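Q: Using the sequences and the hints given, assemble the complete structure.
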Amino acid sequence: MRRTWLLLLCACACDPQKAEWGLDLIDTMKTPDDGPLACGAVPTDVNAGDRASCMFPAGSHASETLGQTSSGIPIRHVIILMKENRSFDHLLGKLHDRGMPDIEAVPDDYSNPDANGNPVFPTHATTTCISFDPGHQFDSVATCIDNGKMDGFVFNAAQTTTSDGSFVMNYYTDADLPFYYWLATHFATSDRHFAPMASGTFANRDFMMFGTNAGVVDTGLAYPPPSTPSIFQTIMNAGFTWAAYSDGEALSGALDWSPSDPGVRTLDKLFDDLDKGTLPNVAFVDGIEDVEDDHPVADIQRGEAWLKTIYDHAVKSPEWNRTAMIWTYDEAGAFADHVAPPNACRALPSASPFTEMGPRVPLVVISPWAKRNYASHVVHDHTAIVRLVELLFDLPALTGRDANSDGLLDMFDFSCGRDLTVQPAPEAGTGGCK
Amino acid sequence: MTVSRGAFVDASIGTSPAGDAIMGEVGIESAGIRAFPGRRWIMQWDVAVALKGGVLGNTHPYLGLFGPHMLAWTEVGVRFRPNRSWSPYLGAQIAGEAQVLSHPGTALAVSELQSLNPVDGTGGATAHGGFRIAAGTSYLDETRSLLVDVFVEEALGAPQANTLASTFTEIGIAARFDVWRSLEFSVEGIFGLAPTRDDALRGTTDQTTRVGGAATFRKIFANRMWFGASVFVERDSDHVVYTASNATYDTANAPSLGVTLLFGIPLTRNKR
Numbered sequence: 015m016r017r018t019w020l021l022l023l024c025a026c027a028c029d030p031q032k033a034e035w036g037l038d039l040i041d042t043m044k045t046p047d048d049g050p051l052a053c054g055a056v057p058t059d060v061n062a063g064d065r066a067s068c069m070f071p072a073g074s075h076a077s078e079t080l081g082q083t084s085s086g087i088p089i090r091h092v093i094i095l096m097k098e099n100r101s102f103d104h105l106l107g108k109l110h111d112r113g114m115p116d117i118e119a120v121p122d123d124y125s126n127p128d129a130n131g132n133p134v135f136p137t138h139a140t141t142t143c144i145s146f147d148p149g150h151q152f153d154s155v156a157t158c159i160d161n162g163k164m165d166g167f168v169f170n171a172a173q174t175t176t177s178d179g180s181f182v183m184n185y186y187t188d189a190d191l192p193f194y195y196w197l198a199t200h201f202a203t204s205d206r207h208f209a210p211m212a213s214g215t216f217a218n219r220d221f222m223m224f225g226t227n228a229g230v231v232d233t234g235l236a237y238p239p240p241s242t243p244s245i246f247q248t249i250m251n252a253g254f255t256w257a258a259y260s261d262g263e264a265l266s267g268a269l270d271w272s273p274s275d276p277g278v279r280t281l282d283k284l285f286d287d288l289d290k291g292t293l294p295n296v297a298f299v300d301g302i303e304d305v306e307d308d309h310p311v312a313d314i315q316r317g318e319a320w321l322k323t324i325y326d327h328a329v330k331s332p333e334w335n336r337t338a339m340i341w342t343y344d345e346a347g348a349f350a351d352h353v354a355p356p357n358a359c360r361a362l363p364s365a366s367p368f369t370e371m372g373p374r375v376p377l378v379v380i381s382p383w384a385k386r387n388y389a390s391h392v393v394h395d396h397t398a399i400v401r402l403v404e405l406l407f408d409l410p411a412l413t414g415r416d417a418n419s420d421g422l423l424d425m426f427d428f429s430c431g432r433d434l435t436v437q438p439a440p441e442a443g444t445g446g447c448k
Numbered sequence: 002m003t004v005s006r007g008a009f010v011d012a013s014i015g016t017s018p019a020g021d022a023i024m025g026e027v028g029i030e031s032a033g034i035r036a037f038p039g040r041r042w043i044m045q046w047d048v049a050v051a052l053k054g055g056v057l058g059n060t061h062p063y064l065g066l067f068g069p070h071m072l073a074w075t076e077v078g079v080r081f082r083p084n085r086s087w088s089p090y091l092g093a094q095i096a097g098e099a100q101v102l103s104h105p106g107t108a109l110a111v112s113e114l115q116s117l118n119p120v121d122g123t124g125g126a127t128a129h130g131g132f133r134i135a136a137g138t139s140y141l142d143e144t145r146s147l148l149v150d151v152f153v154e155e156a157l158g159a160p161q162a163n164t165l166a167s168t169f170t171e172i173g174i175a176a177r178f179d180v181w182r183s184l185e186f187s188v189e190g191i192f193g194l195a196p197t198r199d200d201a202l203r204g205t206t207d208q209t210t211r212v213g214g215a216a217t218f219r220k221i222f223a224n225r226m227w228f229g230a231s232v233f234v235e236r237d238s239d240h241v242v243y244t245a246s247n248a249t250y251d252t253a254n255a256p257s258l259g260v261t262l263l264f265g266i267p268l269t270r271n272k273r
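Going down the list, the sequences are from chains A and B.
The first sequence begins at 15 in the numbering used here and counts up one residue at a time.
The second sequence begins at 2 in the numbering used here and counts up one residue at a time.
Keep in mind the hints are simulated off the structure, nothing from the lab.
Listed below are the simulated SDA-like cross-link pairs for lysine to any residue, each with C-alpha atoms no more than 20 Å apart in a straight line:
id : chain 1 : residue 1 : chain 2 : residue 2
1  : A       : Lys-44    : B       : Thr-249
2  : A       : Lys-32    : B       : His-61
3  : A       : Lys-32    : B       : Phe-233
4  : A       : Lys-44    : B       : Ala-248
5  : A       : Lys-163   : A       : Ala-119
6  : A       : Lys-32    : B       : Asp-121
7  : A       : Lys-32    : B       : Tyr-63
8  : A       : Lys-32    : B       : Ser-238
Computed, partial: chain B to chain A, Cβ under 8 Å:
id : residue
9  : His-61
10 : Leu-117
11 : Asp-200
12 : Ala-255
Pairwise CB distance ranges (calculated):
id : chain 1 : residue 1 : chain 2 : residue 2 : range
13 : B       : Arg-198   : A       : Val-56    : 36 to 46 Å
14 : B       : Gln-208   : A       : Lys-283   : 31 to 41 Å
15 : A       : Pro-367   : B       : Leu-194   : 29 to 39 Å
16 : B       : Phe-67    : A       : Pro-367   : 18 to 28 Å
17 : B       : Phe-67    : A       : Gln-173   : 20 to 30 Å
Computed from a predicted model, the values in this text were never measured in an experiment.
Virtual Cβ for every residue (Gly too), placed ideally from N, Cα, C.
A: Below you can see the structure in the form of structure tokens.
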């Protein structure tokens, strides 16, 4: 009888859809010594044309596609802080007027029609706690993009929430999000970073881990086959380490990993690793869903404070001079952005047919080696983060998408002898959740 | 000897890498086992044509699927000692199954299916086939039959939207017990290996292993109506090798599990 009850308990408690990823070795691997601090100018990019033509296949090394090797780069630790569901215009659209004139401004005439056909222009958000979560999966994002006209955001939000949809035209300023705006103006910010696919969380995050959506289109109940070649595997193949830190769902639930899965750590462990200088080579860091990760309906100032805490530990870390933090968003969450997404390379040899990217999202490189007050206009998506990791640790490209990406190289300055100090950062904003 | 033939309706609940699914179907079926005069030859078969539909939990909201489902298999075996109750047995089986389950509003083209979360294995156009050689023992008397065998089979799967064509060479063990016009019970387990696939671009090889089992129970009533229940479990695992570093990863897909309940009624008059 007791055995029967145990079986019933297991049947209820176990996740029958749980896959096994075969990554157990990561829990016993040691992060290699960082070695001597390297530095040197980034070589002239002579392969940009070939990459734009998608000439490089999966398996290509960055030395072939970027003309750069890791030997002149001091970075040995990458922290990927991927937040949730905010577009560039929505979060950082006022950078142009707040100390970053090179960042493209939102055009004065940019608007979306409401249900009556009246134009809705961008307006300053009156709260940092937006209480609606507009539809932002494949069909919804297609509606938002509207064949490149970028005028379907309000319509989509009205269709998928109980509001009139106008909130997706809201934007924030440095008065609302002083720390976010300080990061974007102090370090290197891209105004041409797109979600890799015009869909939701899982598909876009899968591009960051597999260089492809691996069959997943909409966020929900679909996960990549665990045998899909991944950045986790290629990092480990080369003897380097990674960890996925979160007090919520690791990697925002995209792989259905639980806290007991290999490589999954708590945020306290991240702080400990930063403080002690025991950070793995690549750290994927995610906040608690709808609380710390900026996903609506979270108070975005709470997510800002969460990032500030991580930043404070990072700049005090003994590994700070060997670290690059990439702060970005998985996808725009159907918040308005005025720039039509261009096409990217197919993720061959995976079966993924998708080449249209999603709307722009913020991306800021935070590092003593990041260019300061720099606006990057190089077009890329999350596979550029993958390519940076592949460059640093001499890993082969996972698919044709990351193989032809730029690796964010224009946002760094690895010159020997440059000033690496960073200015004191302001605190996160408060009181915006009215 | 034991035959269920007529219209049926079934309902199933299950899970697979594509997601949880609740499905049902209505159709016609002929299934059974019979020994031919002289008790040397035994034939088993199951042929069904049905309309199938249900929901697949691979996205929010769940994805509706609807379409035809066809199943046909037969095994013909020989009893080498037909005059004895117990006899060595050798059989050959051929099987095929196809279904075309589409989501209303979505065409069955691969490009259309790839704009949905994966439905492979549950929805879309799927086709499987196989050929089996079985060897074992047969018990046969006036009212009962028992077959216990080991088998080797080649199981083939057609490509789907996100899944390559598959070929598994499988070994297994099977047992089937029938009571004349009353009862059928069968179990089987398989272990299969697919050929190693090379991914030259990414420098990997991948070999898939399949482990599975199934059990079926069917009660045939005196009025020839029947009730059935079946369960199955199956899991594919992969051994991935990066040839440059010789690093290996042993992964496993989410298992497939399913339970089906079936009820059938004869469409012809009782000739007993």
